[in-house]
Amino acid sequence: MLFDRLQLSVNGDADQTLLMLGGAGGVPCMAIQLARTLSRVNIIGTAFRQESVRAVRGFGAHYVLDHSCALAPQVASLAGLPPITRIFSTYTTPSAWENMAEIIAPQGRIGLIDDPEPLDLRLIKFKSVSVHWEAMFTRPMHATADMSKQHDILNKLSCMLDSGKLKPPLLAEYGRLNAKALRRAHEDMENKNVNGKIVFSGF
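First residue of the sequence shown: 1, per full-length UniProt numbering; consecutive thereafter.
There's no promise every hint is true.
Stated by the list, open to error - Under the rule of at most 25 Å between Cα atoms (straight-line distance), these lysine-lysine pairs were calculated in the DSS-like manner:
hint: 1; residue 1: K180; residue 2: K192
hint: 2; residue 1: K156; residue 2: K197
hint: 3; residue 1: K156; residue 2: K167
hint: 4; residue 1: K149; residue 2: K165
hint: 5; residue 1: K167; residue 2: K192
hint: 6; residue 1: K165; residue 2: K197
hint: 7; residue 1: K197; residue 2: K167
hint: 8; residue 1: K149; residue 2: K167
hint: 9; residue 1: K180; residue 2: K197
Read the hints as simulated data drawn from the structure, not as lab findings.
Let the hints inform the model, and build the full structure from the sequences given.
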């Protein structure tokens with residue numbers, strides 16, 4: 001998403017800003033690290049709980065905003081911030097979409113990986129903003145001409161993890177897989193009390 005669809009530049013983009021919505025989730029925390037490690041873009045993450053705020057900062061975000069409140073006033077308070085030219089959203093609610101449309105720079109790029117309700121694209125028409133989707137296995141599913149790039153990307157990620165350049169996503173550990181643990185995990189997900197990936201250990 002970051003370098004193919006949103007076209008971040010390797011070792012570049014110091015004069016631009018990436019907004020990563022829901023920064024403490026499994027995908028966002030990896031995306032923040034990749035952007036911080038491979039580019040010079042300014043990174044804003046979003047979080048609500050203090051635990052999540054600390055996690056997002058720990059993964060490399062320069063700023064953390066509260067996504068339970070309107071984002072535009074918070075962005076405006078960041079003096080000297082370069083324009084938000086790219087937004088990556090993994091959980092796109094109608095209110096989140098309205099926030100994105102308001103703060104994205106003209107000719108910016110928005111990347112999505114979830115399955116939101118129909119979005120009002122008219123909100124971004126006069127900014128000429130483009131919307132990009134990323135599905136993990138598009139290349140192999142459709143045997144695209146650049147299908148081998150999937151292999152290259154996974155190899156590079158593996159090397160970065162092995163070398164410690166990337167940290168694995170946060171893990172919410174629930175012990176053995178049983179009815180009680182499943183209920184607790186579902187309750188935490190419904191109440192948005194989970195950072196990263198839910199993990200069960202054994203049966």
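Hints, one by one, checked against the model:
1. K180 <-> K192: 18 Å, holds
2. K156 <-> K197: Given that 25 Å is the threshold and the Cα spacing comes to 22 Å, the pair holds.
3. K156 <-> K167: 14 Å, holds
4. K149 <-> K165: Status holds; Cα separation ~21 Å.
5. K167 <-> K192: 22 Å, holds
6. K165 <-> K197: Given that 25 Å is the threshold and the Cα spacing comes to 20 Å, the pair holds.
7. K197 <-> K167: 13 Å, holds
8. K149 <-> K167: 22 Å, holds
9. K180 <-> K197: Measuring from Cα to Cα gives roughly 18 Å; hence the hint holds.
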